[in-house]
Amino acid sequence: MPPRPKLSKTDHATIGKIDDLAGTVVSQIERGQDPFVNVPIRTLANSRWNQSRAIIEMGSAKAKRNFFNVGIAKKFMQTLLVASECKELIADDEPIAIRMLYYRTKHTIEGTRENTFEEQEESDPIIEDLEVTIDALREELKLFAEQRGGMVGPMIIEDSGDTINLAALGSGGWAVPSIVEEDVIKWKKKDCQAKFILLVEKGTVWSLLNRQKFWDHHQCMLVHGNGMPPRGVRRLLYRMHHELGLPVYVFVDNDPWGYYIYSVVRQGSINLAYESTRMAVPAARYLGLSSFDRERFKLPDNVTIKLDQTDETRSKQILAYPWFQKKKAFQKEIQHMLKSGVKLELEALMHHDVTFMAKKYLPDKLKEGGLW
Amino acid sequence: MPLDTVSATRGKTGARPGGSRAGTRQLFAGQAAAAPVPATATAAAPVTASSPRQADDGADGGNGHLGAVLFAGESAAPSGRSYVTAETLAKKQREISISEFFTKNRHLLGFDNPKKALLTSVKEAVDNALDACEEARVLPEVVVTIAQKAENRFALAVEDNGPGIVKGQMGRVFGQLLYGSKFHSLKMSRGQQGIGISAAVMYAQLTTGKPAVVISKTGAGRPAQCMKIAVDTRKNRPEVTESHEREWPERDHGTRIELEMDGRYQEGKGSVLEYLKMTAVVNPHATIIFRSPKGETHRFDRAVNELPPESPEIKPHPRGIELGMLIAMLRNTQSSTLQGFLTSDFSRVSAPVAKEICALAGVEPRDKPARLSREQAEAVFKAFDRVKIMNPRTDCVTPIGGAQLTAGLKKEFPAQFYASNTREPAVYRGNPFRIEVALAWGVESMTAPEAAPAPDPDADAPPRRKKKEEEREAALMQVLRFANRVPLQHQQSACAIFKAVMEVHWRDYLLSQSKGALPQAPVVLMVHMASVWVPFTSESKEAIAGYDVILKEIKLALQEVARQMAAFLRRKQSAADQANRRRLFDRYIPEIAAAASSITGIDRGAVQSRLQAIADRKTRQDEIAGLLPADAPSEPPADPPTDPGTPPASRKATKKAGQPSNGDVNPTEFDEGN
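Protein chains in written order, with our numbering: chain A, 703 to 1074; chain B, 853 to 1526.
Take the hints with a grain of salt, since some may be wrong.
Below 25 Å or equal to it, Euclidean Cα-Cα: the simulated DSS-like pairs (lysine-lysine) are [to be verified]:
| hint | chain 1 | residue 1 | chain 2 | residue 2 |
| --- | --- | --- | --- | --- |
| 1 | B | Lys1470 | A | Lys766 |
| 2 | B | Lys956 | B | Lys1129 |
| 3 | B | Lys967 | B | Lys1146 |
| 4 | A | Lys764 | B | Lys1129 |
| 5 | B | Lys1129 | B | Lys1351 |
What follows is a set of in silico ranges between Cβ atoms, one per label pair, in the way DEER data are often shown [claimed, not checked]:
| hint | chain 1 | residue 1 | chain 2 | residue 2 | range |
| --- | --- | --- | --- | --- | --- |
| 6 | A | Asn817 | B | Arg1469 | 25 to 35 Å |
| 7 | B | Arg1472 | A | His714 | 37 to 47 Å |
| 8 | A | Asn817 | B | Leu1328 | 36 to 46 Å |
| 9 | A | Ala763 | B | Arg1469 | 25 to 35 Å |
| 10 | B | Arg1472 | A | Ala756 | 45 to 55 Å |
| 11 | B | Arg1359 | A | Pro984 | 58 to 68 Å |
| 12 | B | Arg1359 | A | Thr906 | 56 to 66 Å |
| 13 | B | Arg1359 | A | Asp721 | 52 to 62 Å |
Treat the hints as calculated values from the structure; they're not laboratory data. Ideal Cβ positions, reconstructed from N, Cα and C, are used throughout, including at glycine.
I would like the entire structure built from these sequences, with the hints used as guidance.
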């Protein structure tokens, strides 16, 4: 038997939280009660806009997840299953990916053809439930997600003990890991020459800008999250913003999805509202694309895409977000998009020239300091 | 017994001790020639009954409608009493009347085809047997044997343990058509098919030339009398070709009739077997044994050991008769005044009412009834409808009773649930009647194919097609109709019972029903109408006429049993739900025990058994026991995402369970990424 790894204080605390959860359930069972756990609700209804902190916070509403309830019995079972597995992961100090956890906890229930989990889509929300229920971060449960997103720029960091010069990583850049906490990713302020962070929605656009050495010309950290930035990227933005004082600029498609990425980066997400305090960057600025860019940069109609029903519905929902209520310019922006009935992809800027984005558009926008 | 009650019981009643044969009611009242008073009848007896006993000589069938037909038909012939030519004509008529009448009207009498002839013969004999037993207060045991003699020839034997028939009556009971009648009898009785057993005897005789063989024994220690009896079709008289005594040790008393006739034997709808089975259902006090031509023996054993109560006779109610009957009654009454006739020959007619009727009809209460002209009779008849008359007494319709109905249904249709309802008596057109309904749900014979579904080879088949097949397979509700304990096998859709069944919104009672069709459910429904006079739609007596009040009564009775059934179905559904819940919990309990034990180190078995104890309580195992068949599909759903499991994160879950959306992502939200 391999020697037990030495556990950190956090690890012991997390194990204690899992023990408490299971202990409560067992004592309920011993008392002949319908066992339950109280799971904080991760929905819009239970999220709160904290105006002074400018972030979305999770409300206090909890849902009773009991076992003797046909609709949620399986979820109750799954919650305990995940808790049990996480305890082992912590005890062994063996972090695994959430997909791996899905495989670790998936098995066929004896005497049936039913599996404890059928898809990862079932286990992922259970992990999030567990996080909020026992107030432990995913990282503390020794779970990480598939890494997504990349970064380059004039900065030297230490990643799991390896020193990495982010300015010398060729065309691929540095893949942002899922866990970017201080114990994994370290830096010194003097090793950072960047003046700001540019978060690009798309990996392809990021690649183009990297090849054109945009980050070098403008002394910035060039980051992408391949769509909605995953937790690792957002946590990294947060740390760099707060620890290095770098302003964050967001460069996304001009569509509801782009607005939403901006919203999540700024205020945090509804689903992960409990993580907002350690991820949201309320000072993040929106660089583009803007629905007014079509006229301003003389983009022809043929590079636009018509809004569909979903886009319109989504736009209206975003308009109604409390944190955008008082942003007149932002309201005008979305209304203008709805009025014009079209959306714009970042790639539309290629209409003029492949260097147009790096040479004209971004410099112009940066000079203006972003829209909001 | 009231003077004017024309009681006509079945032929065999003549065997009752003291049963007088003093006089036979003239059936063909309008034409004496066609039905001569049998020689054995007391010649001196006037045509009008002078003693109540006279009327006791009932003939089989008691077919009032048929009687009416005969009556009308015959009276239409010129009576021409004073003309020789007419008398000659009448004589000629007499010679051909019976056999010709039979041949021409065999469809009315139930002998229209060989299959039906066989069935009708069985019916007549069995009805007689049951009536005879019941009147003698003997629990009936009827043995029906049919043997095939040639391709289209069958030997039929029906044997009962009834009181037997005295020697002197045997000939007339079996060998004379319309020997007495229940035409004027208002008594709840089986009398149903045609003109009785003698018609079957005649049919046999006409098709094979062979007489009926009858054995009857009236008591232990006495010898049985054996006779060969034919119908003298010219004179409508019994023709006893052979008569001797013999031993019949098997029975203390009883009667056996053997007939050989042209026929066709088939099983299935409208068959002898079905008739006997339905008869067994509605006569749970009877044991019926059937030996079929196929060599099989079907036993329908009695389920209860009590005889149904005897039904008293009542006098007719003015609202319940027809003009022809009134004319016949006027002629035959013993009352010398019209008022006397009205008050004593009818029920619920008091002297003031009688006077009022007379006044309305423009006749004198003191008039002699027999002197009334046809027009005056009609005026009286019309007046009946214009005066206030109390409804007839209703104690003359005796119900079968809920317990008996259910017992009858139970023994022939094993099912999961039974309900019955007996309505209070009601009155249509002056005739008391009573509706009874019994229902069986989950009838085994109707659910059998469902219980073992063929494994679906093509699991990916579009669900719509599958559904269609299921629908096709679902059995329709079976409706068993009865009138005075006699099964009605034909003309279902013309019958008030069927109409009432169709008027019930069965969907309200949790059955599925397509428009214009019977519900699709493993249900056998039996509806019984008991009445002194069942209004049939036609001479074939297979469909009850749809008087509003009858329809209403049937519907109310149906709704009551349907309510009981729906309550059961709800209980059953809830039990099934609980069982499903339990199966779901049972699946997850070991998982929870294992996880909880792994985290806390507490013994896994202890957690598991505690959880199971809670599950017992939560799923009310004690309450659902017995509500579900043992072979209920207990296999948990193979693909859990459909029902119990955690839906994918983007789906709203747990709404059904009345829980707030539990940790689910708002479906309109974008994916956060991870």
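Let me make sure I understand: some of the numbered hints might not hold for this structure. Which ones are they, in numerical order? Hints 2 and 4 not satisfied by this model.
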